[in-house]
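Undergrad: Below are the chains, spelled out letter by letter.
4 protein chains.
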Amino acid sequence: MRIAIVTTGGTIAKTYDEADGLLKNERPVIKTLVGALRLPDLAIDFSHLMQKDSLELTDDDRRRILAEVEALAPRRDGLLVIHGTDTLEHTGALIHESLPELAVPVVLTGAMRPYEFRDSDAQQNVTEALLAATLVPPGVYAAMHGRVLRFPGVTKDRQALTFVKREAG
Amino acid sequence: MRIAIVTTGGTIAKTYDEADGLLKNERPVIKTLVGALRLPDLAIDFSHLMQKDSLELTDDDRRRILAEVEALAPRRDGLLVIHGTDTLEHTGALIHESLPELAVPVVLTGAMRPYEFRDSDAQQNVTEALLAATLVPPGVYAAMHGRVLRFPGVTKDRQALTFVKREAG
Amino acid sequence: MRIAIVTTGGTIAKTYDEADGLLKNERPVIKTLVGALRLPDLAIDFSHLMQKDSLELTDDDRRRILAEVEALAPRRDGLLVIHGTDTLEHTGALIHESLPELAVPVVLTGAMRPYEFRDSDAQQNVTEALLAATLVPPGVYAAMHGRVLRFPGVTKDRQALTFVKREAG
Amino acid sequence: MRIAIVTTGGTIAKTYDEADGLLKNERPVIKTLVGALRLPDLAIDFSHLMQKDSLELTDDDRRRILAEVEALAPRRDGLLVIHGTDTLEHTGALIHESLPELAVPVVLTGAMRPYEFRDSDAQQNVTEALLAATLVPPGVYAAMHGRVLRFPGVTKDRQALTFVKREAG
Numbered sequence: 001m002r003i004a005i006v007t008t009g010g011t012i013a014k015t016y017d018e019a020d021g022l023l024k025n026e027r028p029v030i031k032t033l034v035g036a037l038r039l040p041d042l043a044i045d046f047s048h049l050m051q052k053d054s055l056e057l058t059d060d061d062r063r064r065i066l067a068e069v070e071a072l073a074p075r076r077d078g079l080l081v082i083h084g085t086d087t088l089e090h091t092g093a094l095i096h097e098s099l100p101e102l103a104v105p106v107v108l109t110g111a112m113r114p115y116e117f118r119d120s121d122a123q124q125n126v127t128e129a130l131l132a133a134t135l136v137p138p139g140v141y142a143a144m145h146g147r148v149l150r151f152p153g154v155t156k157d158r159q160a161l162t163f164v165k166r167e168a169g
Numbered sequence: 001m002r003i004a005i006v007t008t009g010g011t012i013a014k015t016y017d018e019a020d021g022l023l024k025n026e027r028p029v030i031k032t033l034v035g036a037l038r039l040p041d042l043a044i045d046f047s048h049l050m051q052k053d054s055l056e057l058t059d060d061d062r063r064r065i066l067a068e069v070e071a072l073a074p075r076r077d078g079l080l081v082i083h084g085t086d087t088l089e090h091t092g093a094l095i096h097e098s099l100p101e102l103a104v105p106v107v108l109t110g111a112m113r114p115y116e117f118r119d120s121d122a123q124q125n126v127t128e129a130l131l132a133a134t135l136v137p138p139g140v141y142a143a144m145h146g147r148v149l150r151f152p153g154v155t156k157d158r159q160a161l162t163f164v165k166r167e168a169g
Numbered sequence: 001m002r003i004a005i006v007t008t009g010g011t012i013a014k015t016y017d018e019a020d021g022l023l024k025n026e027r028p029v030i031k032t033l034v035g036a037l038r039l040p041d042l043a044i045d046f047s048h049l050m051q052k053d054s055l056e057l058t059d060d061d062r063r064r065i066l067a068e069v070e071a072l073a074p075r076r077d078g079l080l081v082i083h084g085t086d087t088l089e090h091t092g093a094l095i096h097e098s099l100p101e102l103a104v105p106v107v108l109t110g111a112m113r114p115y116e117f118r119d120s121d122a123q124q125n126v127t128e129a130l131l132a133a134t135l136v137p138p139g140v141y142a143a144m145h146g147r148v149l150r151f152p153g154v155t156k157d158r159q160a161l162t163f164v165k166r167e168a169g
Numbered sequence: 001m002r003i004a005i006v007t008t009g010g011t012i013a014k015t016y017d018e019a020d021g022l023l024k025n026e027r028p029v030i031k032t033l034v035g036a037l038r039l040p041d042l043a044i045d046f047s048h049l050m051q052k053d054s055l056e057l058t059d060d061d062r063r064r065i066l067a068e069v070e071a072l073a074p075r076r077d078g079l080l081v082i083h084g085t086d087t088l089e090h091t092g093a094l095i096h097e098s099l100p101e102l103a104v105p106v107v108l109t110g111a112m113r114p115y116e117f118r119d120s121d122a123q124q125n126v127t128e129a130l131l132a133a134t135l136v137p138p139g140v141y142a143a144m145h146g147r148v149l150r151f152p153g154v155t156k157d158r159q160a161l162t163f164v165k166r167e168a169g
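Order-wise, the sequence lines are chains V, D, B and E. Residue numbers for the first sequence follow the working numbering, so the first one is 1 and each next one is one higher. Residue numbers for the second sequence follow the working numbering, so the first one is 1 and each next one is one higher. Residue numbers for the third sequence follow the working numbering, so the first one is 1 and each next one is one higher. Residue numbers for the fourth sequence follow the working numbering, so the first one is 1 and each next one is one higher.
Chain V on its own, in the form it takes in the complex (with noise of 0.2 Å):
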């Protein structure tokens, strides 16, 4: 199966300046984190969109992370979107209203606490993000936590640090 994994920043990538003790988004993790895992089925590439918090994504940022989606699922059997949790709402469910029609799952996730950190929460998610794009319908999901939620109704619990479906008004 051919993957792509678009990377936009996010908690997951923030690494550690030495100089001024600061976390910052300056580099993707992905390709190490992925490479520690065992995927004989799996063909991955990477597209390294944008080393962003989440909170400082544009509209401009999220059309660009949507036309990417758009151009890269129909060459891939599935697509995972690596995102900050603060707005990975919002760009899946613009991903989720602009392309109704697409035949493969895109899969958004992320992480709570970076990956350079030992009780990091990244690795447990990418597994389960690319366990999920081979295994369920077309459609838009966030994967996280032991949890594939289907796009729309998906939003982060900020108190729960996770995400969870909204509850129906």
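Hints may contain errors.
No copy is singled out in the list; a pair is fine if it fits within one copy or between any two copies.
Lysine-lysine pairs mimicking DSSO-like chemistry, simulated, CA-CA at most 30 Å apart [as the list claims (entries may be wrong)]:
{"id": "1", "residue 1": "K52", "residue 2": "K24"}
{"id": "2", "residue 1": "K165", "residue 2": "K52"}
{"id": "3", "residue 1": "K31", "residue 2": "K52"}
{"id": "4", "residue 1": "K24", "residue 2": "K156"}
It should be emphasised that the hints constitute simulated quantities derived from the structure, not laboratory data.
Given chain V, put chains D, B and E in place with the hints provided.
TA: Showing chains D, B and E alone in chain V's frame:
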């Protein structure tokens, strides 16, 4: 969701004895492994059946595993069986043949490299098996290395050191 | 041998807050770090004085550290002070000047990268500081990155991100 | 400072063979281990002499180790010998007796648990051995578990699984 994890030993649970320099099946490691994952939707209980290299499992051992799966399945939404890879296919085939009316997924998994090693595949495989247990229809499966393979016909590829579906003859 | 470890905060003890994405000095990490070492000869006790970035240490804080070192030294075979690297040289100089009659080694150490990171230098530095405390003559030292530097004249090299001896002028 | 590291195998360098499930001395691990340390003052070169469980070292093997130490010592500031713990005391005693005029420290170390394990003592022991090589006077030593023990009289405590000084009789 309620998940039960049945442990039987296997490579995944081999631990190092510093006094004699040998790897041994002396205690399960799965609670430590699962404790490092974030799984807010899963209520997991553990059934530590036996601590054996799977090459040493007897017919009687396999009947005990089958009986445990049969006993637990009605009160769970999914089951994991942690198992050595060398004879995982025999235990999976026995469960598949003996319990055709299973109402939940039973997912067998293990590891090629013990959990205690830095670069073990144990965490990946258990993460995948747990997610598969929440996504796939009732039946018996092996989950490992990005694959979720349904019985019958699952076998270990001893060259590639992973599981595959046997070619129909 | 009896060793006391005085903690003051610093980069080594910065931990990640998932709710706001910030690194903070909220709790010491040294007991976890030392608990992973094998030190059959050492009886270690901990004195958690404060949790501060060392740029925020006041003169009063430094006097508290000095008082703690003075109080603990007579009943120990060596002392460690876990400290932020930005002002470690000032605290070390103060102890050196104020306690010229020290009968045991006082070794200051910390890290350029917080202990919670996979590739932190924290474990190396604390391992070195503990060994130095058992090997060097009484006096005040900074131990880090394979170096054990005796005060006075120790300073942080902000280019190389490590400690060096200041050139005599 | 120039340090040479002579590798001979031992528990520290046992690696796991996934095809047969056995621990074997097939390749040195020390370059990876040392590569993770920050040692700006040390220029380290490696001499991979042999890959053996130390119980299998012959008299001839020990003579080769001795010859290598004798050849390297004049052009280095210190030497490490990475060695299995079971017969480390014999190799150390041989170097001590054969080279009474050593001008630099020769520090033997190893591990009770292979480096590839998550909770190995390998990194601690090598960190300590390297620091000891920069701090102690010329002579032959075993460094491990917070102890730097000078030959003669060093022996493995097979109950405590560490090295101690033999009581004078």
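Undergrad: Now, for every hint given, state plainly whether the structure supports it.
TA: Going through the hints against the structure:
no.: 1; hint: K52 - K24; verdict: both (9 Å within a copy, 22 Å between copies)
no.: 2; hint: K165 - K52; verdict: within (25 Å within a copy, 40 Å between copies)
no.: 3; hint: K31 - K52; verdict: within (17 Å within a copy, 35 Å between copies)
no.: 4; hint: K24 - K156; verdict: both (22 Å within a copy, 23 Å between copies)
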